[in-house]
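Protein chains: 4
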Amino acid sequence: MAKSKYEYVKEFETDDKMLRNVYVLVRIDGKGFHKFSAAHDFAKPNDVRGINLMNHAARCVMHELDDILIAFGESDEYSFLFRKSTDLYQRRESKIVSTVVSLFTSAYVYYWNDYFTDLKRPLYPPVFDGRAVLYPSEVEVKDYFAWRQADTHINNLFNTSFWALVEEGGLSPKAAEARLCGTDSKEKNEMLFTEFNTNYSKLPAMYRKGSVLLREQIPKDADKDAIIPTLPETLPGSKSAKVVPVPEATTTTTTKTTTTTTTLQQSGPDPISEPVSEATSGQSTPIIVNDPVALVVQEADMQEESKESRSNEGKKRSIDASEATEQDVAKGPTGNKNASEFKRMKKGVVIDHIDIIGEKFWTGRGAYIIAPEKKKKLRS
Amino acid sequence: MAKSKYEYVKEFETDDKMLRNVYVLVRIDGKGFHKFSAAHDFAKPNDVRGINLMNHAARCVMHELDDILIAFGESDEYSFLFRKSTDLYQRRESKIVSTVVSLFTSAYVYYWNDYFTDLKRPLYPPVFDGRAVLYPSEVEVKDYFAWRQADTHINNLFNTSFWALVEEGGLSPKAAEARLCGTDSKEKNEMLFTEFNTNYSKLPAMYRKGSVLLREQIPKDADKDAIIPTLPETLPGSKSAKVVPVPEATTTTTTKTTTTTTTLQQSGPDPISEPVSEATSGQSTPIIVNDPVALVVQEADMQEESKESRSNEGKKRSIDASEATEQDVAKGPTGNKNASEFKRMKKGVVIDHIDIIGEKFWTGRGAYIIAPEKKKKLRS
Amino acid sequence: MAKSKYEYVKEFETDDKMLRNVYVLVRIDGKGFHKFSAAHDFAKPNDVRGINLMNHAARCVMHELDDILIAFGESDEYSFLFRKSTDLYQRRESKIVSTVVSLFTSAYVYYWNDYFTDLKRPLYPPVFDGRAVLYPSEVEVKDYFAWRQADTHINNLFNTSFWALVEEGGLSPKAAEARLCGTDSKEKNEMLFTEFNTNYSKLPAMYRKGSVLLREQIPKDADKDAIIPTLPETLPGSKSAKVVPVPEATTTTTTKTTTTTTTLQQSGPDPISEPVSEATSGQSTPIIVNDPVALVVQEADMQEESKESRSNEGKKRSIDASEATEQDVAKGPTGNKNASEFKRMKKGVVIDHIDIIGEKFWTGRGAYIIAPEKKKKLRS
Amino acid sequence: MAKSKYEYVKEFETDDKMLRNVYVLVRIDGKGFHKFSAAHDFAKPNDVRGINLMNHAARCVMHELDDILIAFGESDEYSFLFRKSTDLYQRRESKIVSTVVSLFTSAYVYYWNDYFTDLKRPLYPPVFDGRAVLYPSEVEVKDYFAWRQADTHINNLFNTSFWALVEEGGLSPKAAEARLCGTDSKEKNEMLFTEFNTNYSKLPAMYRKGSVLLREQIPKDADKDAIIPTLPETLPGSKSAKVVPVPEATTTTTTKTTTTTTTLQQSGPDPISEPVSEATSGQSTPIIVNDPVALVVQEADMQEESKESRSNEGKKRSIDASEATEQDVAKGPTGNKNASEFKRMKKGVVIDHIDIIGEKFWTGRGAYIIAPEKKKKLRS
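Chains as they are written, first to last, in our numbering: chain A, 600 to 979; chain B, 600 to 979; chain C, 600 to 979; chain D, 600 to 979.
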């Protein structure tokens, strides 16, 4: 047969299966997003629409790929951690990386108009790239996320200071940069407080700490509204109903939240150089997640001390209406679940903006991520 | 500084630079497109909207990445060939593969509504995956594309026969499959002609031969309309004009073309087992490319004998208004070219549906692809 | 300069650094050793000279490369386990594998005549190949060595039965193979006992269990004779003394030892299918290690029950006169240590033939192998 | 079966097959040979025994592995080029690299005493490491060998000058190095001539140009003495004759040869910066190959102009008594050929010391190396 004459070219394909029984971390990054955010007038230093869109796209990835344990996003990047024992695509690197990047990109463009409601689609197609990194032990996994969140802290404090100097202080970008050159975190904090009446530690945690996606138990009495409508199964399904309804945006909520800066109680330690103490100094304030598609309302929790106990109190939060049962893993993406079945669902994707630097997270809500997997998975 | 404490995790990243001075082939594939095409009522066996959208997305990739020499698409897959000397992202595999996949996916969702005009966006975000394969020599490159086009021939002939039996012949899918089991190409051709009055060789070449994207000279007197508006530079640029105009669709043209099947002149040899002779038997018929965004009209060329000479006759075709000069490569994606500058442009991305099996193509229009690169590139 | 004109070819070299913080296992195998052993009239089923030469070569490897924690040898193969944190040659795979293979091969040829005393050198140069495998966790490391030792058990029981049938029973090889076909371990054990008066479990442990090289404490009062003279530092050092003295061989001892098979006390369970129970059934008998170069005398330990306590009793065994201090690691191969310094030495390479299947070993003498490494090594 | 319980650890092995249809270059390097050569009182700047031993070991490698087209050696390194289509060990990188390194090392120790006749074996086992590099095209292959030979030129000229200053000039090593610092090739040439009466271009070509191993036709009337006795087949074969005879060494010949330096005719251009012109300036002088094992005498060819035609003149040279027929490739290492069969043999391994910088070699004796391989090999 003629086909076989050429088919030898397949033999040039190489096997790129990744080492077994190590964590697989896929990180995606926006390409040329400095230009992209400028072209679309992203608010500075943070555009809540852009961040929420990133988070929505990441949730889609996590919804589709059940072996992702946790994801963390900041700026134009997102990191996804797969469990050690994942056998997704037989651990083929190109397949996994390209699927994550494609899914994320697809969702970003797909949901664009739900967040940027005045623009049908971006001015041009945005692009992300990605790569996989293997981490053998829990130590590196913790340190990886600490590395990214430390980066968030540093960048956001700099950007907040920079744009305060430029937009409120009237400095040129060059002058602002010169002003900040050589300053440490404490000095930037003080400058923001004394010159711009801004208590940095009271700014939305989403800006200061990035976004963490976790797989957690969803309270049985959660509102149906809490369901994030993701891929096909949450759509009405009838082919006649081909127009996807775009819920009204509620971005104004955010603005309110981001301006709830109050008097600085204490200038506090540098959140980066003293990440552990920050957690106890209680300056982190979760913001309202205004997710127009999800119709999710996460109550602003102003009482910092109750932050860690929220999950036990059944408060609303962003959740993903999938249950991560073993069967689902086998079944793959998107069975046909109905929103009305929500009551029986157990686990979903939850978004929060908390400290993942330090042991507190990993012994608490993050414990399931680094828990040993069953031996039988190894000796399959 | 706190950051450095964690930064060691970067050292777990591995170097995935691909071997130098070999062709890099990136192939992307739709994930679950059987389901995707069913969910969106794609026409069987070929949906011209879907194919055109694929082609448009591929053109975006080729527009952005100047080192791609040729691309070939069929069904839900597309192959992109980078020149041997490409140093894109220092030849890092993950970076190249993920960028191609992301860009393709992004464009597919972005331009969806321009082709599927009755649906704002797909029912759910489509996903592609990708991989890179290295080919050291011209022999393998030719055979690779022959392999893919042979696949197109085989699949399309089968699908055309299958759906004729099902949709026109009233057979069940199972019965249709049984009927076709064990038949060769000639038998399928004859069945289509005698039972369904279909001369397979007169069906649109885009269906039978897939789509080939080439970098070719664009005639100086080409209509301004021939410019394919791709990424930012072709947009008006004013931030106030944020709504992208969607040109009126002209999909009806296609339907007309696809029905221009006429009397079977000769049943002819199996196009796969005799790929060379097919080129001379002249049964290939280019179809009208109805590309609503591009506003491109490619005249149906019914005279098969003139097929190879078209490029010298200045006929309109799909072109991409970029010139692939050395400067552009350095400049990277998307400078600020104006459509009015088109006259001085020399090269663009041209789409056609021709035989790439056999030497004829590679000594003709494809000669630049396998031409030796300058030695200095090697010894850089 | 002219040189630089060609030096670009170096850029085709690829980075083959192995993932950090995982165990590196290098296994070497003899090439064509079936033929090699036949050409040199190796005794069947085991040639003590050949095994001792393998063990000697392995000790040389372990002596030179301090990051090797444990080695295991059987037949014509040897496995070397590097600690997770090794940074030998920056973990470059080719460098590590080729060095281990070269060192082993070199020592095998170098010490040949010390074991095969009637032949100056082999009839032709023997060859080994090698490969590296990464193991992320202690579970796999244990299972890897269990896998190799189970292989030893199975092969040696088969070979012992086979050669008994051929050499003592007078069967043709073909008939012997047919006779053994389909038999399990228990049946082979019984056949050996009833037909050939051989209690398999009393055969030398070196044959049944392979050889384990460990880094262990050497008693301070150990005889100077216990030092294994390995690479340059143990040589007199004076360049005039260029002739390496070859100690008188004591291979006759072995023959005696290998014939000390006595009455079968219990046929016992299959040592492979019941590896744990075997350890308690006490059928393992260490053999005299007759190592002519090493001048080592390891007392035959006939009392199986005292096997595990030997190390505390100061009995002589094969040891390697190096101390694996941190300085040594930094200094690299072969400083200039004097045999007279032996008294202050702490650790050396010890050889034994014990069960490494089962937890007993790993919680006892092997505990240091899987002990967690200090965190600072990770975050270097 | 118990075995399978552990066998999963095999799945951690990775596929390291190298890209097809590209040249595979394996380069081995001595480890710590500065120390090794000092410990064994190697003559400076070149020790003919050491070089001949290297060459002998390399010939063994080339004898065993028929897919090696050419090898080049200098100092303590050797490069082996495999043909593009080699399928040795399915192109597994570790297997190929480790086999080459092991075979080379084995032969180096094995034949040691034939070259270093006053020392039964080295003072300690020597070690080599190795790596593979892929080269897609002929251009890189030529440039690779040019790179290595340019390195030989530069190093040997420096070393010759350095040791002349130290051993004849009485300078300290430090002073000699200072004296040479910043000098170019021409200055070193002049210094050697005026101060040490040494015409560098008349020194043995083996020192100045390294050693090239080629597969070439062996004249039918070649002396039986010309056969290099390598691996088992050339041994008497009878197991009783287990002592390998060591032919009388003729190393004194070398000394004579190396002192045949005569009056400098022309200082000439720098052989490195002007590699092409050197070939025509005729300063290369092949040396007598005194190979005690091979009993080969290659006549010194003082007439430079006849250098290229020697192969047609039936002069004696080092040859390897193997024929590289297709059957041999399949049969693998070492069938049982008899020395008496030599007359019918066609091809062997020839050693020479010629320019491989420049096109002259590659269009002449080296043409077979870069000749295109048959297409069918590709489309296997």
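Since the hints were made in silico from the structure, they are not lab data.
Check each hint, because a few of them may be wrong.
Intra- or inter-copy, both count: the list cannot distinguish identical chains.
Said to hold, decoys possible - The calculated lysine-lysine pairs, modelled on DSSO-like cross-linking and capped at a C-alpha distance of 27 Å, are:
(1) Lys634 with Lys973
(2) Lys694 with Lys609
(3) Lys973 with Lys604
(4) Lys773 with Lys787
(5) Lys694 with Lys773
(6) Lys787 with Lys616
(7) Lys616 with Lys694
(8) Lys801 with Lys959
(9) Lys787 with Lys694
(10) Lys643 with Lys959
(11) Lys609 with Lys959
(12) Lys785 with Lys801
(13) Lys643 with Lys616
(14) Lys959 with Lys604
(15) Lys719 with Lys959
(16) Lys973 with Lys609
(17) Lys630 with Lys785
(18) Lys630 with Lys609
(19) Lys801 with Lys616
Okay, which hints does this one fail, numbers in order?
Of the numbered hints, 1, 5, 6, 9, 10, 13, 15, 17 and 19 do not hold.
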